[in-house]
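Asker: Sequences are here, hints too, so could you generate the full structure?
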Amino acid sequence: MEECYDFLGTTTPYHKEISPDNRKTVIRQITKLVTGVGVDYHRWPAGVVFRKGEPVTLQDDLVQIKEDAKDFEAQHGRDLGNGWLLNHPLQKMILFRDHLAATKLPGKARKKTKAATAPSSDDDEEEAAAAPPEAKPAKGTLTPETVRAIREVKKRFDEGEIDEATYKETKAGLLNKSAPSLVGRAVRKRFPGSGWFDGIIESVAEDGRCEIAWSDGAVTSMKVSAVAKILKD
3 MEECYDFLGT TTPYHKEISP DNRKTVIRQI TKLVTGVGVD YHRWPAGVVF
53 RKGEPVTLQD DLVQIKEDAK DFEAQHGRDL GNGWLLNHPL QKMILFRDHL
103 AATKLPGKAR KKTKAATAPS SDDDEEEAAA APPEAKPAKG TLTPETVRAI
153 REVKKRFDEG EIDEATYKET KAGLLNKSAP SLVGRAVRKR FPGSGWFDGI
203 IESVAEDGRC EIAWSDGAVT SMKVSAVAKI LKD
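Taking my numbering, the leading residue of the sequence shown gets 3, the next gets one more, and so forth.
Everything labelled a hint here was simulated from the structure, so no lab data went into it.
Please note that a few of the clues may not be correct.
To be verified - Below, computed lysine-lysine pairings styled on DSSO-like, alpha-carbon distance capped at 27 Å:
(1) Lys234 <-> Lys191
(2) Lys68 <-> Lys54
(3) Lys68 <-> Lys191
(4) Lys225 <-> Lys170
(5) Lys225 <-> Lys72
(6) Lys225 <-> Lys173
(7) Lys26 <-> Lys54
(8) Lys26 <-> Lys72
(9) Lys18 <-> Lys72
(10) Lys156 <-> Lys173
(11) Lys170 <-> Lys68
(12) Lys157 <-> Lys173
(13) Lys18 <-> Lys234
(14) Lys18 <-> Lys191
(15) Lys231 <-> Lys191
(16) Lys72 <-> Lys54
(17) Lys18 <-> Lys68
(18) Lys225 <-> Lys18
(19) Lys72 <-> Lys170
(20) Lys173 <-> Lys72
(21) Lys231 <-> Lys18
Answerer: Written out as structure tokens, the structure is:
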């Protein structure tokens, strides 16, 4: 959990950092999910608990579990906390899983990807910092790092370490990373009857939809084409 907590406090190609208070909230809910205690809510009837006795792991189909959570709320009572009950924690688990898939791959495979000029170290971040800057690839091409990462994820899938859904989602995330990333970009949108709100793009899905966290705590999904019209920078 400590590694996940640190991840939530940093900005990466997969995630925009969140405040310490929000990190504590997310970790509290994730802990309930991964231990199998399950998540209850004061607006639900007594004894109604989401995923009680069903621990959630990073190897599970987290996208489906997130959809199950939406259905569960629709049945028993909507979260009035703007997604911090289940939606945000499960989305953070998805982003953390993608981050680990790209940076914490099996040691044997990672050794093959070390640059000859990099120092002898198991810390990928230190290697990246020490390596000389690379020229940007031509538009429409993948960087060598992305190609290697995709191959390594495919290897994990072939060896049975991850399921097909995880492989496809991770690959999509790596392909999104190779393109000019929208993750972390600021947006501003006017909502009829509510006024203007600022937001941050948290992720881009395989289907081309962006998940945006707004300043009021709400999270919505928009097509990339629509997001392009509300970018602030």
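Asker: Determine for every hint whether it applies to the structure shown.
Answerer: Hints and how they fare:
no. : hint              : verdict
1   : Lys234 <-> Lys191 : holds (10 Å)
2   : Lys68 <-> Lys54   : holds (15 Å)
3   : Lys68 <-> Lys191  : holds (26 Å)
4   : Lys225 <-> Lys170 : holds (20 Å)
5   : Lys225 <-> Lys72  : holds (20 Å)
6   : Lys225 <-> Lys173 : holds (20 Å)
7   : Lys26 <-> Lys54   : holds (21 Å)
8   : Lys26 <-> Lys72   : holds (22 Å)
9   : Lys18 <-> Lys72   : holds (23 Å)
10  : Lys156 <-> Lys173 : holds (8 Å)
11  : Lys170 <-> Lys68  : holds (17 Å)
12  : Lys157 <-> Lys173 : holds (12 Å)
13  : Lys18 <-> Lys234  : holds (16 Å)
14  : Lys18 <-> Lys191  : holds (19 Å)
15  : Lys231 <-> Lys191 : holds (9 Å)
16  : Lys72 <-> Lys54   : holds (16 Å)
17  : Lys18 <-> Lys68   : holds (19 Å)
18  : Lys225 <-> Lys18  : holds (19 Å)
19  : Lys72 <-> Lys170  : holds (22 Å)
20  : Lys173 <-> Lys72  : holds (25 Å)
21  : Lys231 <-> Lys18  : holds (20 Å)
The structure shown violates none of the earlier numbered hints.
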